[in-house]
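Student: Here's the letter readout for the chains.
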Amino acid sequence: METGKISVPIKTLDQVRTDASMIVQEILGGWHMRQRLNQLGIHEGDVLIIKRCCAMRGPILVQVHGMDVALGRAVARHIRVRPQDEA
Amino acid sequence: MWPWDGPWPGTSGSGRRMKHNDRILRDKLTASRKRGGRRRQFVLVGQPNCGKSTIFNEVAGYRSLTSNFPGATVSYTESRVSVDGRPCNLIDLPGVYSLTSLDPASTETQRFLLEEPIDVLIHVIDSSILGRSLELSLQLMDLEIPMVICLNMMDEAERKGMLIDAERLSEILGIPVIPATASKGKGVQDLFRQALKASLRKPRARHIAGHRDVERVIERLSRRVEKAGRSDSRFSSHLVATKLLEKDPYFLDHYLDKHPRLAAEAKSLGAALEKEHGRPSDAVINSERHALSMSLAEEVTRVRKPAIHWKDRLDNILMHNFWGFVSLALILFLLFFSVFKTGNWVENALLARLSGFGEWLSRSMEPRSLGHSLVQGMADGVAGGIAIVLPYLLPFLLCLSLLEDAGYLPRAAFLMDGLMHRIGLHGTAVIPAVLGYGCSVPAVMSTRILGSTRDRFIASLAVTMIPCAARMTVIFGLVGYYVGGTAAFGIYMLNLLVITLTTGVLSRMLPESVPGMLLEIPAYQVPRWKVTCAKTWMRLKEFIVIAWPLLIAGSVILTLTDHFNWTGIFNGLARPVTWLLGLPAAAGTTLLFGVLRKELSLLMLQQALGSPLDSALSYGQMLVFTVFVVFYLPCVATIGVLYRQVGVKKTLLIVLYTFLIALVLGLLVRGALWFVR
Chain Y
1 METGKISVPI
11 KTLDQVRTDA
21 SMIVQEILGG
31 WHMRQRLNQL
41 GIHEGDVLII
51 KRCCAMRGPI
61 LVQVHGMDVA
71 LGRAVARHIR
81 VRPQDEA
Chain R
1001 MWPWDGPWPG
1011 TSGSGRRMKH
1021 NDRILRDKLT
1031 ASRKRGGRRR
1041 QFVLVGQPNC
1051 GKSTIFNEVA
1061 GYRSLTSNFP
1071 GATVSYTESR
1081 VSVDGRPCNL
1091 IDLPGVYSLT
1101 SLDPASTETQ
1111 RFLLEEPIDV
1121 LIHVIDSSIL
1131 GRSLELSLQL
1141 MDLEIPMVIC
1151 LNMMDEAERK
1161 GMLIDAERLS
1171 EILGIPVIPA
1181 TASKGKGVQD
1191 LFRQALKASL
1201 RKPRARHIAG
1211 HRDVERVIER
1221 LSRRVEKAGR
1231 SDSRFSSHLV
1241 ATKLLEKDPY
1251 FLDHYLDKHP
1261 RLAAEAKSLG
1271 AALEKEHGRP
1281 SDAVINSERH
1291 ALSMSLAEEV
1301 TRVRKPAIHW
1311 KDRLDNILMH
1321 NFWGFVSLAL
1331 ILFLLFFSVF
1341 KTGNWVENAL
1351 LARLSGFGEW
1361 LSRSMEPRSL
1371 GHSLVQGMAD
1381 GVAGGIAIVL
1391 PYLLPFLLCL
1401 SLLEDAGYLP
1411 RAAFLMDGLM
1421 HRIGLHGTAV
1431 IPAVLGYGCS
1441 VPAVMSTRIL
1451 GSTRDRFIAS
1461 LAVTMIPCAA
1471 RMTVIFGLVG
1481 YYVGGTAAFG
1491 IYMLNLLVIT
1501 LTTGVLSRML
1511 PESVPGMLLE
1521 IPAYQVPRWK
1531 VTCAKTWMRL
1541 KEFIVIAWPL
1551 LIAGSVILTL
1561 TDHFNWTGIF
1571 NGLARPVTWL
1581 LGLPAAAGTT
1591 LLFGVLRKEL
1601 SLLMLQQALG
1611 SPLDSALSYG
1621 QMLVFTVFVV
1631 FYLPCVATIG
1641 VLYRQVGVKK
1651 TLLIVLYTFL
1661 IALVLGLLVR
1671 GALWFVR
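Chains Y and R, in that order, are what the protein sequence lines are. Going by the working numbering, the residue at position 23 of the first sequence is 23; the numbering climbs one at a time, nothing skipped. Going by the working numbering, the residue at position 32 of the second sequence is 1032; the numbering climbs one at a time, nothing skipped.
Hints were generated in silico from the structure; no laboratory data involved.
Ranges between beta-carbon positions, derived for each pair: (1) R:Asp1165 - Y:Met56: 38 to 48 Å; (2) Y:Thr12 - R:Glu1215: 30 to 40 Å; (3) R:Arg1677 - Y:His32: 52 to 62 Å.
With a Cα cut of at most 27 Å, we get these calculated DSSO-like pairs of lysine-lysine: (4) R:Lys1160 - Y:Lys51; (5) R:Lys1247 - R:Lys1258; (6) R:Lys1247 - R:Lys1227; (7) R:Lys1160 - R:Lys1184; (8) R:Lys1311 - R:Lys1186; (9) R:Lys1160 - R:Lys1305; (10) R:Lys1541 - R:Lys1341; (11) R:Lys1275 - Y:Lys11; (12) R:Lys1160 - R:Lys1311; (13) R:Lys1311 - Y:Lys51; (14) R:Lys1305 - Y:Lys51; (15) R:Lys1530 - R:Lys1541.
Computed from a prediction, not measured in an experiment: that's the story for all the values here. Every residue, glycine too, gets a C-beta built ideally from N, C-alpha and C.
Produce the complete structure using the sequences and hints provided.
Tutor: Structure (C-alpha cells):
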C-alpha cells in the first residue's frame, strides 16, 4: 500500500461548506486557543458537522458531540480539518 | 475506542457505595448540632448552561445575595437554605467549562474551589452532553471534596435519545449521582438530601485512571510534588501534577517559584510527554481526559433514535441567514415596544398619584423652609426611582431574563457577531447597545450577559455613550426643535461614529486571548416562572441598593441648591468648561446637575436661561451644549451600576474618558462652526 502518496485535502474550518462532516486534524495557535476549544469539546480527531455559516462573514455553527458551538471566522481559521469520508 | 473493556479496570481507591443507613446519619447530625458547628457550605458548580442557576433559584429565598469575589468583578450568588430543616449556606459559582484559569470567571471559581472551606460540591451536569460535562467532573473529583453529581436536564437527554444509567455512573465514580430535571422541579429535593448526607458521610470519589503511559508521567510528577511538600495547600498531588503538565497559570504561580526543582521536573516530564505524543503536554492531558469522559459516557448511556422536536426546527427560522435577522429585529422591536408602551402608561398613572403627595407636602409644610426642601428632594428621588424602576426596569429585566432562560441570547449573538465584531464588540452586545437608547442603567446591567470582563468593559463604555431617552429629550427638544431635524440626526450619526471609533480602538488595545466568538449555543428551554422572577428580582435589587440611593441623594442636592441659592457657586465651578465651550455661565449648573438627573437637563436649562431658549442661546451654542451633554459623564445611577459591573478603576476611566471626549467634541463643533462662518 502506497500510503505516502495518499493526499487528503486539508483546509481550515472557515473554508468548509455547510453540511460537511469534518475531522479536526490540528488546532493551530497557542495555549489559550487550545484550551478554549478543548473546553467546548473540540479536540484533535473529533468530528465536526458544519451546520450554518452566518451572513456578513459571521460565525460558523458546528455540531460537536451532539452540541452546537458557534465559532468566529478568526477562530475557525485556527482549526485544520479533513473530510470525514476521506479519513 | 477505550482500550479496556469490561468493568473499569482503572478504578481504585476507597470509594464506597452509598447505603442508606438513616439511623447512623441521624446520630451524626445530632452530634454535629451538639458541637454547634458552623453552617454547612454547599457549593453549586458546573459548566455554563447546565441549569445550575435554575437549581439555585428553585431553593434559594428572595434574600439571596449577589456578591463579587474580593478584588474582582466576577460575581457569585449566595443564599441560606434549609435542607430537611437544617440550615445550610448555598453558593452558586459562575459556570466554568474546566478547572483551568483561562479568564477571570474561571480563575476566581478555581481559586474559590481550591482555597475556601466547602462541605459538599454539588456538581450539576447537562445530561444531554454527558461526555463533555464529565471532563469537569473528573477534575472536580481530584479536589477530594465530598461531591454529589446532579444529572440535570434528563428530559433533554431523553429527547436526544440518551438513556443514562445514573446508578451505574455512581458505581463507577464512587459518589452519589442524582438524576433531575430542575426546569420542572424534578429531583431537586432528592439532590439536596443526598448533598446533606454526603456532608456527613464524605464519600470519596474513585480515581479513574487513563492510559498507562500518561498515568506513569503523572504519577512520577505526583511523587515529586509530595516530596516538594504540599503543606501549604489542601489539594491532591495528582491534581497538582496534572495541572502542572497542563501549564495551568494558577498552579504554575503557586508551585514553580517556591519549588524550582519541581519546576524543572515538570518541564522535563512535560517535554517527554510532548515528544512521545507529538503535541503539547496540555493537549495530551486534555485529550486523555476527553477520551476518559467519552468512554465513561458511552459506558453508562444507551442510545436510541432521537425524537424530532419543535426546538430542532426553531433554529431553521431563528438562526436563518434572512429570517433570523427578521426575527431578531422583531424580537427587539417587541421588547422595546412592550417595555416602553407599558412603561409610559404605568409611569403616567404613577406620577399622577405621586403629584398628590407634592401638593400635600406644600400644604402641610412651610414651602420655603429647609425641611420642605429636604423632604421634597427625597420625594423627588423616590418618585424618580419609582418612575424608572416599576414601569421600565422591571418589565425590561423580566423580558431579558425570559430571553436568557429561553436560550435566545446566544442566537442573537451568533447573528450579530459578524457586524458587531467589526466595531470591536461581541455579538451579544447588541442587547445592551439597543437598550442604551432607552436607559443606560438597565443597559449597563445587561452587559453581564457578556462572557469576558474585557467585553463587558468595552460594551459598558459604548453603552454609556449611547444617548438614552433622557439625552434624547435634549437632542430633540433643543437641537431638533430650534435648529432642525437634520442637525439632530447629525448628532446621532456623530455619536455612532465616535462610539464605533472608541470600541474599535479599545478592542485593538485590549486584545482577546481568543480572537473572536467561541460560544456554546444551548438547546431552547421553556423558562420557569419561579426562576425567571427570582433572577429579575436579584437584578432589580442591584438597582434598588446601589443606584436608587444615589438618585435620591442627587435630588436632595438639587433642591438644597435651589433653597440656599447656590446656583452662583456652581456656575463658577463649571465656568472653565462653559468658557471653553463658549456657553453662557448660567448653563454651568445645568451641566453639573445633569449628572444627577439627566432627564431634567432641558428643564434646568430653561429655568436657568429663560424660555424660549433661542433668545439666550445661538444655534451654534445649542449644538455645542447638546453634543457635550450627549457624551459627557454618565448619570449617577449609571455610575452606580457601572461600579458593580466593571469595578472602581474602570468606572473612573469611563467617567474620565466620556468627559474628555465630550469636551474635545464640543470644542471641535465650536471650531467647525466658527470656521464655517
